[in-house]
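Go ahead and model the full structure; you've got the sequences and the hints to work with.
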Amino acid sequence: MTQEIDLSKLPPPEPYDKARDEAQRERLMATWAKPVGWRHISAVNNSYVGKWYLLTSFAFFTFAGILALLIRAQLAVPNNELFSQSLYNQLFSLHGTAMMFLFAVPIFEAVAILVLPEILGARDLPFPRLSAFGYWCFIIGGVFVCGSIFFGVAPDGGWFMYTPLSSNTDYSGLGADIWLLGLSFIEVSSIAAAVELIVGVLKCRPPGMRLNLMPLYCWYVLVVAGMILFAFPPLIAGDLLLEMERAFGWAFFDVDRGGDPLLWQHLFWIFGHPEVYIIFLPSIALIATMLPTFAGRPMVGHSWIVLSAVGVAFLSFGLWVHHMFTTGLPEISLSFFSAASEAVAVPTGIQIFCFIATMLVSKVRASVPMLFAGGALAIFVFGGLTGVMVALVPFDWQAHDSYFVVAHMHYTLIGGMLFPLFAGIHYWYPFVTQKAMSDKLGRWSFWLMFGGFNVAFLPMHWTGVMGMPRRVWTYDLTDGWAVLNMVSTIGAFVFAAGFAVLAVNVLWPRGKAPYVKRNHWRAGTMEWAAEVPDKPWGVRSIPYIHTRYPLWEQPEVVDEIDRGEWFLPDAEEGKRELIVTDILDARPLYVQRVGGPTFLTIGSAVCLGAVFILATFHLWTLTLMFGAGFIAFTLWWLWTGTSEIPENPTKYAGRGLTLPTYAQGNRSPGWWAVFITMTGDMTAFMGLVFSYFFYWTALPDFFPTADKLPSFGWLLIGTALLLASWLMCVAARKLLGQGGRGRAMVLLAGALPVGGLGIGAWAWSAYTKGLDPTVHSFDAMVWMLILWLFLHLLLSWLMHLYVAARIWRGICTPDYRADMMNLTLFTHFLALTAVVIFALLALFPILMGVS
Amino acid sequence: MRYESDKQPGPYGPPGDAPRLIGQGSIWIMAAAPTIWAVHFVASYVLAAVWCAKIGASLVTPAWIIAAMGLVCAALIVWLGVIAVRRYGGVFVIFEEITESSERGRDRFIGHVSLLLCILSVVAIGFTVIPGLILGSC
Amino acid sequence: MRRIFLLGLPLVLGACEGRHNWLASGGAEAIRVEQLFWVLVVGAAVIWTLVIGAAVYAHRRQVDPSLEKQARQFIIWGGAVIPTVVVCALLVWGLVILRDITTKEGDLTVRVDGERWWWRVIYESPEGDVVTANEIRLPVDNTALFKLTADDVIHSFWVPALGGKMDMIPGRETELTLTPVETGSWGGLCAEFCGGAHALMRFDAIVMEEAAFNDWLAHEASPAEVAQDDAGLGVFLDEGCGACHTIRGTEAVGPVGPDLTHLASRERLGAGIYDMTPDNMAAWITDTHEMKPDIDMPPYPNLDGARLDQLVAFLMSLD
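Protein chains in written order, with my numbering: chain H, 1 to 851; chain V, 1 to 138; chain P, 1 to 319.
None of these hints come from the bench; they were simulated from the model.
Note that the coordinates shown come from a computational prediction; the quantities given were computed from them, not determined experimentally.
Check each hint, because a few of them may be wrong.
[As the list claims (entries may be wrong)] Cross-link-like lysine to any residue pairs, in silico, SDA-like; alpha carbons within 20 Å at most:
#	chain 1	residue 1	chain 2	residue 2
1	V	K54	H	P845
2	H	K363	V	F95
3	H	K734	H	A805
4	P	K147	V	I94
5	P	K147	H	P330
6	H	K363	P	R60
7	H	K363	P	V56
8	H	K363	P	G53
9	H	K363	P	P65
10	H	K363	P	I52
11	P	K147	V	A57
12	H	K363	H	G152
13	P	K69	V	I94
Now the structure itself:
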């Protein structure tokens, strides 16, 4: 449909007309206005959701920080009886859990949701309602997990939840279930955010912003969201296995029944180590964004930073076993991970050196954000150097699980993540509020935190050398750790005081303070083009970008945007509109309409939250009821808010550019969202496949005798039927494209019983051979794989019926069939899953000579 | 400066968005070199794990297999590097200013980053080969 | 409650300082890591100073475009080449140390089983296994091979002064070799969080001259020297202690808890956390869960007066 558009040869804008400008502004304002009063919570626009996200994450940070202070208070003196053993175990478990899952990852999403669209000169992210849904999931899950400590049932097995401590219900109680279900729920919202951010970076760039012109922040967001997509799913798979063992006694981690506790550690750290970089990279991205501003010149080695972000992202998936150096794996296995852990220092170092080189060739303006950035550098480099130490296996055998590692980890996370984040808070505060923060308080908070941090954590290295293990609630005077711990405690409280100053500085009401000037820091990136005071529409008209630092290199663009000379300056139809562009060169593809304020996402999130919370207490009937509620709300939301047939197939976007108003297949963000989500889903599935092979490697008698294998014939029949149901869906897509609405509906409905018979044949193949998931890990694994496909099949049936209904109601038509194409894409992944499961259950045992 | 490729849409078609394979006008080359590292890494890990669990305690054979795989992978990456230079116009510079707003500029940027990633990946593969040369048994 | 007993311990700060110190040079393996440690620390200090110094210099100086060339060299050499060479060298050194400390043959074999929250210790000797608990004695200059297992959850066996740690994982047997080079009493502890009383899961590692060690092991192998009509033994059996504990040479053969055959010969009580004194022993029996919360052993608060004294006296006689 769309031909190549030479954006540099667009016709000139129409002459400025004040009346037109005002009328357009009024219509834009009406379209993008935020809901008033209590309805404010139904807002979905990125500037509101982003702000809530940010504040909520900081609330959890404060909560987890208070837990840290309680921990330090307990350890201040030897033989302290301030807290009981049981409460202390909850305190540190919840501290780690909340900091990681409720602060460090969500804050990345919060900042990205808040500033990414503006940096991209876009009005919003491609799926605003999805961000709102993710936010509500996050707050419900977070409150549930944190609130548990007030009832004394917080998770107490550490944030890493090692089995069998966490899998055996004799050793762990409700806390473990709360951790598993509460966090799985939050992981879902993280993945939702990741999908949205990837699509946002790839498809919602302003026209002309080719990959080589994309700001560094966007590269980092892309890389990190991609990492989330490959790192979180294995943990979800692990959570599923662990909860199945806890709730239903399936044998995955119990050694007496052919399970293996180390499997959990693998699945956890395949998530857990990339997680560290998922936290670190977006914060470094903040520095990479603000440093050019204060240096007044483009970043030196822009592409080198892209290299190191991509390189770190890949290498970080080869580090996970360095958390398992002391588990007695063969030394050669440990060594590979030691090697990768050392290698990752190289790209990380390149990033840091590019920053310093940028400062070297420019005159850096001193400012509070740069002060925090400098503190970050000093702390992080130190943490990186101790990281090189603990990456060496013999060194780690001493340091592992001692306070040396506690110190190392806090140096990397606070230096690599928290200080850059605080720098970012100071940097973007004027962007979000249009008011200036107090520099004096800023410097106070910096020095208190910087000093307090080093007093708290520098001695901790030595505490570790003196042999103090982690996660101990008490120690004796004769251990010789008393003075060091007292110093650390004092430092921790100073650090907390610094954070309190920062919080006051951020939250101080500045209603009457003057607005800052536009582009407060004289930055070069697009978010500073926003008008002061800002408008809810994000950007008045969407400009054509052909430089890396548009506000420096295209200074006229700000006035052009304001005058509405660029694309989509108006909202005649009263719809929220974005321009979707192509991945490589940001050529405009079509105008996307996104949803406005709604309560449906809240209803959906509340129901899903209730499902997870009620499942914790094994209240299955209520769980099912809320599950139905969740499905109902979600379908309602999709039905009314997505893939609507536009009133006109095309729309004039301004400057001689007419764009389609509907897209399907790989032109539409929806298709990409399905593709990316299913990539994540396949990663979770790969977690299960890994588990299967892990058992096979680790346990000599994993495979039963041939007569206890699921029957080959039934597996083959089941697979054939499942593939047939997939082909019916593919055929339905084809027929619909040719105009055969009725036949498409019949095929879609017919695919249900065929798929049902297929999965039934699979279940029968395991059932007839007497496979019992509570008896042995092989049986449990077989049933798990069947269950995995069954759950996906249920979801796909729902989607089949949804699409069939849309065809029936004329919302999905031969010309406008995005829903049908997305469904087919989903079933492609299902077919692949079915084939892999067949290979695992039917072919691999034969290959290994079992039959 | 305008390049030949800017004048026409090129053989890779209009801006539809199907994931393109390696070739001019695709970003997959950026992921290719680190992916080869990842494949070599996982293969080495699996080989060693299965060898130690199922076959024997001496590591001499797997160490040579890992080194040989490393050579093959490094050769593949060198080939990718040649593509990055020849087809994408990637260059090895630090103060890169590949900021032209053109398809060629975007290609040169991707080529440049891919070239850097090729170098990093080869180094990382070298790191993976080292353990086998030092440790003699499981 | 607990504090009161602990106040009885020697209060001089530093009296036993460094019992858990990695840098105490107590074992050959620890010494290898100690050398690595100091090189790394000094190297890290130098690198940190150079990097941060460069950053401060870059921030302070005036703009000078002629520096672009230096900046280029700075990224190439400082950011890429030198770090690669340094970490590569460190990797090789680390692997060589790893190879050296894992390929030693053991002169004696000790099986240690991690329990919640104590240590079952079994010496393998030609005359058969010698069972003890919560204290490990080793002959100096001999390499001990530890075979580590766990029954319930994951624990980790660590004597920092002698060498690195190794996890004890249910369903697996892990191995660790330690070669003590100095006599003395070192602290050992559980390094992997194992729930509940993880903090109170300790033991003593006592390194002795070889001859003394052999005498000790022979004594440890012998049954307890108890009169069968000992009043304390009567209390012990009446209260059912024998259902969980073993005292070789008596009817008590319970396999669940620590072996008590030579209990009083150990330096500490409760898995390395209290001095072996009659007062602590009495408190351990009556206020068990205040001494060590969450453990499986039930308290015997009703035992008092003469019966408690008899029991304590009996237990303290098991040397």
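So, going through the hints one by one against the coordinates:
no.	hint	result
1	V:K54 with H:P845	holds (16 Å)
2	H:K363 with V:F95	holds (17 Å)
3	H:K734 with H:A805	holds (17 Å)
4	P:K147 with V:I94	violated (54 Å)
5	P:K147 with H:P330	holds (15 Å)
6	H:K363 with P:R60	holds (8 Å)
7	H:K363 with P:V56	holds (12 Å)
8	H:K363 with P:G53	holds (16 Å)
9	H:K363 with P:P65	holds (10 Å)
10	H:K363 with P:I52	holds (17 Å)
11	P:K147 with V:A57	holds (18 Å)
12	H:K363 with H:G152	violated (55 Å)
13	P:K69 with V:I94	holds (10 Å)
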